[in-house]
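These are the residues of each chain, in order.
Protein chains: 4
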Amino acid sequence: MKTTSIREAYNSVRKYSEHICAPLETEDYVPQPVPFVSPPKWHLAHSTWFFETFILKNLIENYQVFDPDFNYLFNSYYNNVGERTLRTDRGNVTRPTTKAVYAYRQHVDACMNDLLESELDDAALSLIELGLHHEQQHQELLVTDIKYILGHNPLFPVYKSDHNLVDGTNTETGFVKIPEGVYDIGFAGEGFCFDNELGRHKVYLHDFEISKSLVINKEYIEFMNSGGYQNFNLWLDEGWSWVNANTVQSPMYWHKINGEWHYYTLAGLQKVNPKAILSHISFFEASAFAQWKGMRLPTEAEWEIASVNLDWGARWEWTNSAYLPYPGFSKAEGAVGEYNGKFMINQMVLRGASVATSPEHSRRTYRNFFHTHERWQYTGIRLVK
Amino acid sequence: MKTTSIREAYNSVRKYSEHICAPLETEDYVPQPVPFVSPPKWHLAHSTWFFETFILKNLIENYQVFDPDFNYLFNSYYNNVGERTLRTDRGNVTRPTTKAVYAYRQHVDACMNDLLESELDDAALSLIELGLHHEQQHQELLVTDIKYILGHNPLFPVYKSDHNLVDGTNTETGFVKIPEGVYDIGFAGEGFCFDNELGRHKVYLHDFEISKSLVINKEYIEFMNSGGYQNFNLWLDEGWSWVNANTVQSPMYWHKINGEWHYYTLAGLQKVNPKAILSHISFFEASAFAQWKGMRLPTEAEWEIASVNLDWGARWEWTNSAYLPYPGFSKAEGAVGEYNGKFMINQMVLRGASVATSPEHSRRTYRNFFHTHERWQYTGIRLVK
Amino acid sequence: MKTTSIREAYNSVRKYSEHICAPLETEDYVPQPVPFVSPPKWHLAHSTWFFETFILKNLIENYQVFDPDFNYLFNSYYNNVGERTLRTDRGNVTRPTTKAVYAYRQHVDACMNDLLESELDDAALSLIELGLHHEQQHQELLVTDIKYILGHNPLFPVYKSDHNLVDGTNTETGFVKIPEGVYDIGFAGEGFCFDNELGRHKVYLHDFEISKSLVINKEYIEFMNSGGYQNFNLWLDEGWSWVNANTVQSPMYWHKINGEWHYYTLAGLQKVNPKAILSHISFFEASAFAQWKGMRLPTEAEWEIASVNLDWGARWEWTNSAYLPYPGFSKAEGAVGEYNGKFMINQMVLRGASVATSPEHSRRTYRNFFHTHERWQYTGIRLVK
Amino acid sequence: MKTTSIREAYNSVRKYSEHICAPLETEDYVPQPVPFVSPPKWHLAHSTWFFETFILKNLIENYQVFDPDFNYLFNSYYNNVGERTLRTDRGNVTRPTTKAVYAYRQHVDACMNDLLESELDDAALSLIELGLHHEQQHQELLVTDIKYILGHNPLFPVYKSDHNLVDGTNTETGFVKIPEGVYDIGFAGEGFCFDNELGRHKVYLHDFEISKSLVINKEYIEFMNSGGYQNFNLWLDEGWSWVNANTVQSPMYWHKINGEWHYYTLAGLQKVNPKAILSHISFFEASAFAQWKGMRLPTEAEWEIASVNLDWGARWEWTNSAYLPYPGFSKAEGAVGEYNGKFMINQMVLRGASVATSPEHSRRTYRNFFHTHERWQYTGIRLVK
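Chains as they are written, first to last, in our numbering: chain A, 538 to 922; chain B, 538 to 922; chain C, 538 to 922; chain D, 538 to 922.
There could be a bad hint or two in this list.
[Stated by the list, open to error] Below, a list of computed lysine-lysine pairs in the DSSO-like style, where the Cα atoms sit at most 30 Å apart:
| no. | chain 1 | residue 1 | chain 2 | residue 2 |
| --- | --- | --- | --- | --- |
| 1 | B | K636 | A | K636 |
| 2 | A | K739 | D | K552 |
| 3 | C | K636 | D | K552 |
| 4 | C | K739 | B | K830 |
| 5 | D | K636 | A | K922 |
| 6 | C | K922 | B | K868 |
| 7 | B | K714 | C | K739 |
| 8 | D | K552 | C | K552 |
| 9 | D | K714 | C | K636 |
| 10 | A | K830 | D | K868 |
| 11 | D | K868 | D | K793 |
| 12 | B | K739 | C | K868 |
| 13 | C | K714 | B | K739 |
| 14 | B | K749 | C | K714 |
| 15 | A | K830 | A | K714 |
No lab work stands behind these hints: they were computed from the structure.
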């Protein structure tokens, strides 16, 4: 990417984060209701800290940090960058205020714009690009964390009544056939990718048929009505324990009110739309549903090869592939090397993108990953037979 | 109390709660860092809910509640009043906003002032008086919960730089001797008291000598320096477990910085003042300190009888009395009966009052109570030999 | 006590512990199903360790310990005697075998008998006497721990079919009236007592009436059938949490089989005898039952004064007194000082004795104590009005 | 397999389980020190229950079960076979006694021998064969669980002084090169395999070099001495949390005594042999060690293809492959279908076999699996570059 175009990208991405937060009240920026949900204030500050720490501090001589305490407060998981607030304590840090965090953003944005006036080398440009993709990842988390905070409030407050984050429907039906053979997967070509999409390599696929459409609420309600949550034969052993320990009876955000299923959406509490694409289910639920259908989930390689023929992007789609390094994967030197590699264990890969994914932040080779019980993301199911 | 004087009292008490919160930022109203600390916003709403639920709903015909959801959100522990937000979830409820809670207060205050124009019967006046004492109890909790929220922020923000909540020193020394005999304790006479201060009854006391002064930081530092936290012989068995499980090394809010003891106060982080009265210690620490001194803590009856000769009010003083009903104690009918009686187990009585206690909210017969490990209140030690 | 009579006492007490264990299979000696239940093997070894550590090691020159590892394995809670097996790990120590523990007992008994041939001073005799009372306390724990181990086995094995540990019925009815006044409580006179029964002191009692009989199963079933476990107004707040967290529906060891209440007894599973004295209830249940009856539990002072007129000894009777030191209580020097004093917090006093208490191990002044949720002892209810 | 040869196999396998237990004391059969370790008594009974439940009950008309309670007590994880003892409670079930469990074995063995006199169909023979392989799996667990029970006893008792389960050394050195290409993996041919080894399928492997030898203690001590357990950059994120939460400093069973590393072996406590093959490490430790060496662990496909050129069988070797179904995997109907499939999540594959694996219970296609933190099996490391 060139310096000029990256400046535009920088300002556009940075503005988009604040756009997401525009409908919030000051109080909404604060809490961390569960450890995996971060306060919106924290996302805004942390994505800024990334630019300050990895770009400004390194490239501007005698750069004055905005506030020396912020490194402690807004480092996420980079052990190489020092001590940090315990992840579980983020919701208790009422100061700096939201206002101060916006001032922090302004300060860093001004310095970044100054910097982007000058000619930067490729290494610097790469790091800035990484910072933007990093912020886009946090934009999706901002949306899903806001949904979690508001959606677990007994008042079910509306985030925005006109947004497009509610439903999504399938436009295609039927199955795509893929023949057996050796295929190449992983990122190739120009442009940005994360390190976990490399190296491009060969895989052998056996023939399979993959659905063009994602599972919709109507189908999932059939699963529920047929006793899906009560039949242990459909579940992985850890999934069955999870169902019982948490008395799971439905996807996240679903509530049965006067005998009818409702769900919380960012536009408020609504009746479940039977034609809308199913969302907010765990890997365990995806796996049990597939078992019930007599089908299975795709592997990530199958998904990637088939994706040119698929209609995707509404939900992150659980695959039956564990998140592990590709052949030839190597992590970068220094703190940035902590970005992906150290999480390559005990998580499952999700492919595609969701209605909450930021514009221009999706690729056929993109590898998202979550633990098998997590479901506060816009997750869905695609079947293979 | 008469209706006119109760109206003055009402407005003065209600205003004082808001006065306590005046220095806060909006964000400070939100979090609940640990289950026993409630969000300031919650205190403001809950004390208002008390008047709406027990007074306005009962006395005003066709009273329109401000918001029907608030009963669910701001009931504390009254099972008789229905379902309520889980105590541990109070910090995640970002809506209603702080502004809306202030509007709630205004609404209820207006209705209460209207009501107080009319002639009210004794039962109603008693309940309003209870509501005011209830709000004063929450005022002390507001102060200590704000201290907890700000004092556990790595930035140690200042609440108010000119307040008087920091230190307190003793003005008297020496011991008072009390002769053996039968004494009367418990509330008697006119005016308000809580149900747990009744009935007034006789106790037999053996002779004892009680210190006129409270333990100061200097003395406690001597205990620490002599290995007090390492010597199991000084501790109750559960206290020793508590010390080890939590690696307790000092009172709450104390930090050793460059070899010197500091503590967080509402005026910010300061060097420990050796002459100031010790604060923020658990019953376990009070008991171990007394053991180290070769003395003991007073019983609550001893304290009450001796108190006319004591200089008290700076700290809640741990006694060696368990919080149990007095002879003849009976709880009120209905929800108000849940006020005190159901907590009479596994807690210890504290007597006196503290620098955070609201004006006119202390009595020689007042029985405060906390669990043996709790120390976020302004708690201190008085010795008996 | 004289040396000759103490030798008889020694051999009789020691034999009785082994008599209790006679019906056990080797396997029954091993497990610790919950932290508060110790393996029978451990009780046999620990009570022996007490004599070896506090008597033989001190009084016999060049005494050779039976096995130097045993101090680590069989110390219970004496910090002054060094490191020990974690309390929660006692059930995993399969070696030394039961046979080896019996050999340990034989070795110590032989040495003790030799020692008891010689003239011993008063301090030594006192310690031996303490050791015997200590072993008697463990005899009651042996019985209740065996009951716990066998009673939580899905097969409900029989311990002994002809024992007398099953039921107990009241022989008297009605209430005793005690007039108001100053009374003396605590141990006085000759013979042994534990340090917690001292010093004898005055208390002021208000008049009260105390039941001559203990609550029977029939009455408790009425409480259960009337919704006692569902009505929060009857319960202390911590009791209500305990009921809900543990879904408590009946006393310990009760099982509803085909609509009829059964309980596990040491003679096996039996139908609940409605006339038998209620057993195995927590303080919380005792308190809720009393509340339901419109009465209350006695204080320990009331119990002690009234006891000359009562029929007692079948159950440990929960009092509404916290376990705290008497005026003038002081703990002994050294390790023996850890015997009682350090447990004087967050427990309630029980008075009387039970069907599992060893012969000659009860006194009107005896202060037993357990936490409010514990119910594996033979605990019961006596009411006061 | 034919009926005659299967009878021989049956008796030989069944006898071997009892041979493993021969050195135990009765007490050793009882405890379950942690949930993943089962009591030896339970293994002996459960493997017998398998034959009774799946063979005798189905094939012998009017078969009288040995004890109807045993189904509840000795079912492991087969939901289709009904309720069972909670996994965590196995150590508290002192009855049936060990003697009774041996009688149970005798009874089932007699019935099985009778049955094996008759002509059985293929389905029956297959199930019996599965039962034998199942028992062999429990034989390895018997060895490792006995090691856990004795090895966590502070006395470090000896299991057998002459056994061969201690060390193991490498006999080869250097690396094997495998060229890139399409390979077939999974079970093929005659004989027994578990369902998880099917279906045989093609994989694409990139070229790699794999070590002929396993990592030895000396190498691992170098890793430890170089600060391996302190350098977060070597660890997976969950591994680093595991190290810190459990203060892991060395492989399981290692103890530093007077500055020298010892380990518990089934022959007792010994000095660590530097040349012996490393054992008892978690996947996290294997991964960190490989990272430190600048190499990686093999995938299970790489291992299987290379294995013809490797010297294996001393340790279960952690691979970097998640335990997931092969293409075409399908689980059997009924309870036996719970054997493997439901565990295919959040575990890693181990290949090879160990010194504790029963004779004739290993195959190049065998897929063992454990969670990433588990290390009470004989686990080791083979490196790939």
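Status of the hints after comparison with the structure:
{"no.": "1", "hint": "B/K636 / A/K636", "verdict": "17 Å, holds"}
{"no.": "2", "hint": "A/K739 / D/K552", "verdict": "49 Å, violated"}
{"no.": "3", "hint": "C/K636 / D/K552", "verdict": "28 Å, holds"}
{"no.": "4", "hint": "C/K739 / B/K830", "verdict": "26 Å, holds"}
{"no.": "5", "hint": "D/K636 / A/K922", "verdict": "52 Å, violated"}
{"no.": "6", "hint": "C/K922 / B/K868", "verdict": "15 Å, holds"}
{"no.": "7", "hint": "B/K714 / C/K739", "verdict": "19 Å, holds"}
{"no.": "8", "hint": "D/K552 / C/K552", "verdict": "42 Å, violated"}
{"no.": "9", "hint": "D/K714 / C/K636", "verdict": "58 Å, violated"}
{"no.": "10", "hint": "A/K830 / D/K868", "verdict": "15 Å, holds"}
{"no.": "11", "hint": "D/K868 / D/K793", "verdict": "47 Å, violated"}
{"no.": "12", "hint": "B/K739 / C/K868", "verdict": "29 Å, holds"}
{"no.": "13", "hint": "C/K714 / B/K739", "verdict": "19 Å, holds"}
{"no.": "14", "hint": "B/K749 / C/K714", "verdict": "42 Å, violated"}
{"no.": "15", "hint": "A/K830 / A/K714", "verdict": "18 Å, holds"}
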